[in-house]
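There are 2 protein chains.
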Amino acid sequence: MRNSYKLKNRIDLAVCLVLLAFGSAVRAQTGDAEQIEKFFDAALTNGKAYGWLNHLSNQIGGRLSGSIQAEQAVEYTKAQMDSLALDRVWLQPVMVPKWVRGTPEFAFYETDPGITTNVPITALGGSVATPPKGIKAGIVEVQGIKGLEALGKSKIAGNIVFFNKPMDAAQINTFNAYSDAVSQRYSGAEEAAKFGAVGVIVRSLTHKLSDFPHTGVMAYGDGPVADRIPAAAISTNAAELLSTTLKLRPDIQFYFKQNCKQLPDVPSHNVIGEIKGSQYPDEIILVGAHLDSWDLGDGAHDDGAGCVQAMEVLRLMKEIGYAPKRTIRAVLFMNEENGLRGGTEYAKQARAKGEKHIFALESDAGGFTPRGFSFDAGTAHFNQVLAWKPLFEPYFIHSFVQGGSGADIGPLKEEGMVLAGLRPDSQRYFDHHHSDNDTFEHVNKRELELGAAAMAALVYLYDAHGVVSQP
Amino acid sequence: MRNSYKLKNRIDLAVCLVLLAFGSAVRAQTGDAEQIEKFFDAALTNGKAYGWLNHLSNQIGGRLSGSIQAEQAVEYTKAQMDSLALDRVWLQPVMVPKWVRGTPEFAFYETDPGITTNVPITALGGSVATPPKGIKAGIVEVQGIKGLEALGKSKIAGNIVFFNKPMDAAQINTFNAYSDAVSQRYSGAEEAAKFGAVGVIVRSLTHKLSDFPHTGVMAYGDGPVADRIPAAAISTNAAELLSTTLKLRPDIQFYFKQNCKQLPDVPSHNVIGEIKGSQYPDEIILVGAHLDSWDLGDGAHDDGAGCVQAMEVLRLMKEIGYAPKRTIRAVLFMNEENGLRGGTEYAKQARAKGEKHIFALESDAGGFTPRGFSFDAGTAHFNQVLAWKPLFEPYFIHSFVQGGSGADIGPLKEEGMVLAGLRPDSQRYFDHHHSDNDTFEHVNKRELELGAAAMAALVYLYDAHGVVSQP
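These protein sequence lines map, in sequence, to chains B and D. Straight run, no breaks: the first sequence in this note's numbering ends on number 634. Straight run, no breaks: the second sequence in this note's numbering ends on number 634.
Since copy identity is lost for identical chains, a pair holds within one copy or between any two.
Below, computed lysine-lysine pairings styled on DSBU-like, alpha-carbon distance capped at 30 Å: (1) K211 - K410; (2) K481 - K371; (3) K201 - K241; (4) K309 - K201.
Read the hints as simulated data drawn from the structure, not as lab findings.
Let the hints inform the model, and build the full structure from the sequences given.
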């Protein structure tokens, strides 16, 4: 009895202390909660992100690096930022690769004499062309790059390799399924060439069974240029059909033709706008996304959504009259998709100028309902961030994790700074990603706005409180 | 120093106790976590819900109570449940109201002689018809029912009332915004008639600016039948346009015509399937949704999604070989939208038979990414439920709240039982709700499947552990 009494007293004391600590945290956050509510209210009732995205998607369209659309997107977003009465808006020059698709790709196979099946196909970004008359060859199916070894050179040489590893539907976060399957797209041509393949076609990286082929970047590694073989993606419906066809007709010849090519680099720009900090103008908080997209669809989710959200963060601060202590900078990076030149150049220039970035946040996972953030930071700092989590829960934002951030801000990473990525709901992203199906009508206005507000809220917290714990 | 040392010891002790308690909870839940993972894996890799919904939406379509489509939906879902090798599948007879829309509604107004604007319009469910030649009258705009009083009888009598209160965009949960605005649709005609109005038109209940009019149930209360005035919804785009038009041309005449009517009640059915419990067959766990829908669109989100999810809960148990201790029953209720006869009859029969329901879960908020559950239960029981929350977090399901459940299961509520509702992401729901825009192509397969798996997981937990704490 006595022991348990003492024990109870001790627990009560500890509970009281915890409650006291919690109480003071709640008090400290009251002002934060009110400020954050203002961002959400303004974004949802008077947001500008959706209108901007409409223009970027429907009046400009797909914005592949080096294209006239990319140039138009630079001009449009700069003009819109100019209209926000920021302290400074400018263009940062950067040379970008210029890969062009050329005339539409074409593919088919013949199952019986004269009976052909057309295949929805798209060249992978960075691929070489086929010979002008196309390639016609036997076709062998493998499940990802590991499948090459199992099949061996004897069965592969002289044929087209068909990489047909599907994204794993059981993964809850679809980005994990993408990561598990993307190597066949990125390195499939390089690896298959080592076995004597004459071309590769890859199952589109999406869970959805559809007729859209999904492109994306590929690379040839360091091998001789002469060994490069053409690479393309086919739709998931076509991949399913081809796979079952090969079981019935293993000897069919597959034909495809593409005349894409890599032109010399051309000048382009990152688009940058900032609000100068009132107390610590030399401490920069960056919010960014990438302005380029693939040439299929209009790049609404990847990554028009992120661009207009980054711009909206600055506009929301102006609208609710929040004057940041630190400098808040929106950066629309050029050429994330096939080169990362914009992100690389930005980081290089920042180092050359001795600029101090304390925090950078990227939105590059679609304009879907925001579910949380991923923080590239150590545990001490992550614990600081976790104390902010309750401020996001009224907005149904619950997932704070340690992990990656965004490709464009990656090169900025330095001791003492924090990188983070907005993490929207991932279920629908790959239905659209890198395909003709990534279009404005698939973006929900409220979901886009909630993402912008969530970003503004996190940027606000870093501005108001700084990076207290060691990142 | 000494004090702080003692203090530290006490806290350490308390922390240890907390960790010990947590550790044992974690061990107790390990089997649960594995079981739940099986449900998610099976739903995502071999789910049947999406295929069923395709048939219900595209081969049957909108399923208004009393329609042939409702009858076809009863037959189809019973046949599908029959194929699942359940212990019992049956139809429960219920008389339902039969309201019919008649020929398409028509509305316009004239701003200058001969210059007319057509208005997308739909009769509200339960409304009377206009006279055969339609109604033409002046039109007065009010912001919800409160606006009637402000305007007064002198300005309203002889006119059509235009209820134009928008859903509040600043509400994060869109169902809250719906609740705040729905009275103008449900009671607008009854209230406006008291001021001498000859008809009402209501702004569609959606945030989205679109051309779709959204229907929904309305009622006239207890007043004389002769006082009933026709009620219809117009699209949000039309409402915006009409509102600005009235500022320029306050004297325009608005015309609308509809010939909907209420026919005598007709027989219909709830569709029920169950797996008998191995240990406590008399304890019933119900998982349900409503099979009827409005006649606009195909009712894919409202509530075809919920129906196929409820069926999928039973199928998943069969597929992974889980034999429940308690009886698990899927109920597809008829006539939620305009009468709730199915839910009422089911509860009446359950009481007459002395059936003991311990838990009922409804899905009637769309087939979107599941975000959590709402529990109609007291605090002691809710705390039991909160201990299960970590089991759902790997699936990005974080929101467990106390609150409402579902309309159909409401009549079942009794001392000692728990009701709950699946709570999917709410942002897109009202873009589709009760309109021609509620169609199958707006349902994402994975989102639908995640919802079904989440329901199966919660049903499993109640089956495995029962209702331990007082609900």
